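Could you put together the complete structure from these sequences and hints?
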Amino acid sequence: MLSRIIMKRHLFTFFATAIAAAGFQAAVAELPPYVYEERKAGAPEHLELKIVSSEVTEKKEGDTTSAQVKATAEVVSVKRTRARLKPGESIVISYGTITKRPAGWAGPSSPGVLTKDMKVIAWLAKEEDGTYAPVAGGQSFAQP
Numbered sequence: 005m006l007s008r009i010i011m012k013r014h015l016f017t018f019f020a021t022a023i024a025a026a027g028f029q030a031a032v033a034e035l036p037p038y039v040y041e042e043r044k045a046g047a048p049e050h051l052e053l054k055i056v057s058s059e060v061t062e063k064k065e066g067d068t069t070s071a072q073v074k075a076t077a078e079v080v081s082v083k084r085t086r087a088r089l090k091p092g093e094s095i096v097i098s099y100g101t102i103t104k105r106p107a108g109w110a111g112p113s114s115p116g117v118l119t120k121d122m123k124v125i126a127w128l129a130k131e132e133d134g135t136y137a138p139v140a141g142g143q144s145f146a147q148p
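The numbers in the sequence shown follow the working numbering, run straight up by one, and end at 148.
Zero decoy hints are in this set.
Here are the simulated lysine-lysine pairs, DSS-like style, with alpha carbons at most 27 Å apart:
(1) K74 <-> K64
(2) K130 <-> K63
(3) K123 <-> K54
(4) K104 <-> K123
(5) K44 <-> K130
(6) K44 <-> K74
(7) K74 <-> K123
(8) K104 <-> K74
(9) K74 <-> K130
(10) K54 <-> K74
(11) K120 <-> K63
(12) K90 <-> K54
(13) K54 <-> K130
(14) K64 <-> K120
(15) K83 <-> K54
(16) K90 <-> K120
Listed next, with one range per pair, are the computed distances between beta-carbon atoms:
(17) Y38 <-> G66: 30 to 36 Å
(18) A146 <-> V60: 18 to 24 Å
(19) G108 <-> R86: 38 to 44 Å
(20) E65 <-> E34: 17 to 23 Å
(21) R84 <-> S57: 23 to 29 Å
(22) P106 <-> S57: 28 to 34 Å
(23) G46 <-> R105: 24 to 30 Å
To be clear, the hints were calculated from the coordinates, so they are not data collected in a lab.
Everything numeric in this text was worked out from a predicted model, so none of it was measured.
Note that the Cβ used here is the ideal one computed from N, Cα and C, for glycine as well.
Here you go:
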């Protein structure tokens with residue numbers, strides 16, 4: 005009788021842990037594609053850019069490597085702009101991103117690192133400090 009009670013308690017603990025782990029996995033899962041599309045559709049700035057310069061500062065913590073990116077870009081063409089940008093103007097894009105994650109990690113995608121001479125279509129928002137930041141995570145920059 006006592007062994008049955010202990011066995012039931014262990015099974016309960018096992019299933020409770022499994023359910024909690026599954027819930028946590030769902031909480032950090034990749035976002036569905038429509039979320040990225042909604043963010044891009046609502047982006048104040050939709051631009052084609054050429055990256056003129058890029059400063060990248062990396063930081064490693066355990067199995068994760070993050071980067072702070074500060075890039076200067078020339079506006080090549082304007083699809084949509086709330087900031088009234090025009091072709092030929094320069095903007096500064098500043099953001100943090102994750103460049104390396106631990107094996108088995110799942111979660112929303114991070115923007116890629118912008119490098120000199122890249123040409124990208126970008127979905128951005130102007131920050132209070134005058135710089136611009138990506139609005140659609142890992143889909144904020146695309147090849148033209």
